[in-house]
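Asks: Sequence:
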Amino acid sequence: MDMPVLQVVLIAVALSMDAFAVSISSGIVIGKMRVRHALLIASFFGVFQAVMPFLGWEAGRGLRRILMNYDHWAAFILLLAVGVKMIWDSLKKDADEKPFDPLNIYVLFILAIATSIDALAVGIALSFAGVNIVLPVIIIGCVTFAMSFAGTYVGSIFGHMLESKVEMAAGILLIGIGVKILVQHTLG
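Sequence positions in the sequence shown follow the working numbering and run -13 to 174.
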């Protein structure tokens, strides 16, 4: 089944908020932003954010046959958990966090994995819902790339004013999508 494009875009925007927030932080740390810096950061986040839902979808395909009668509950619980975690993370930012080097390849690799774990869970949820994964993977990767690219510049210009607010909004959006899936499947 194909998912409506608007719903995929909303999921992509929600998933990209972690990467956007980290990109803002990267822009703050880097200071004098260059296009190559933004491209490097956006490429890492975009690629990982596209690959993780596919991996989750593949894992979910194997579990779907076993859990077919409960798939909507699994999708809801996964999206709820990711949404609540994003809201929690937005509220508990540590003021004593030390700056990091966002241009170090190893640091970028770790950040890309950390910001795309929720995309893995969403991929599992999409598999349980029987969604064709091709369009979501492309849109999620492209939206994350664009949001991360923009985030580095936003961070270098506006600093810490936006970071926690976008992550909270993304968490609320994912919870809303989870509720929608649950309501659609339980009420027909």
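Note that these hints are calculated values from the structure, not bench results.
Predicted model only: the values in this text are computed from it and were never measured.
Any given hint could be a false lead.
Restraint-style ranges between C-beta atoms, simulated for each label pair [stated by the list, open to error]:
#1 Asp87 x Tyr139: 34 to 44 Å
#2 Lys18 x Lys166: 37 to 47 Å
#3 Val70 x Ile96: 15 to 25 Å
#4 Arg47 x Phe144: 37 to 47 Å
#5 Ala132 x Val165: 25 to 35 Å
#6 Tyr139 x Trp59: 34 to 44 Å
#7 Gln(-7) x Trp59: 39 to 49 Å
For each residue, glycine too, the CB sits at the ideal point set by N, CA and C.
Asks: Taking the hints in turn, state whether each one holds.
Replies: Do the hints match the structure? See the list:
In this structure the hint that Asp87 and Tyr139 lie 34 to 44 Å apart at CB is violated, the actual value being about 18 Å. A beta carbon spacing of about 43 Å between Lys18 and Lys166 agrees with the range 37 to 47 Å that was offered as a hint. Restraint check, Val70 to Ile96: a C-beta distance of roughly 23 Å satisfies the suggested window 15 to 25 Å. Evaluation of the 37 to 47 Å hint for Arg47 and Phe144 yields a pass: the beta carbon distance comes to about 42 Å.
The beta-carbon spacing between Ala132 and Val165, approximately 27 Å, falls within the hinted interval of 25 to 35 Å. Taking the beta carbon of each, Tyr139 and Trp59 are about 41 Å apart, inside 34 to 44 Å as hinted. A hinted range of 39 to 49 Å for the beta carbons of Gln(-7) and Trp59 is inconsistent with their spacing of about 19 Å.
When held up to the earlier numbered hints, the structure conflicts with 1, 7 and fits the remainder.
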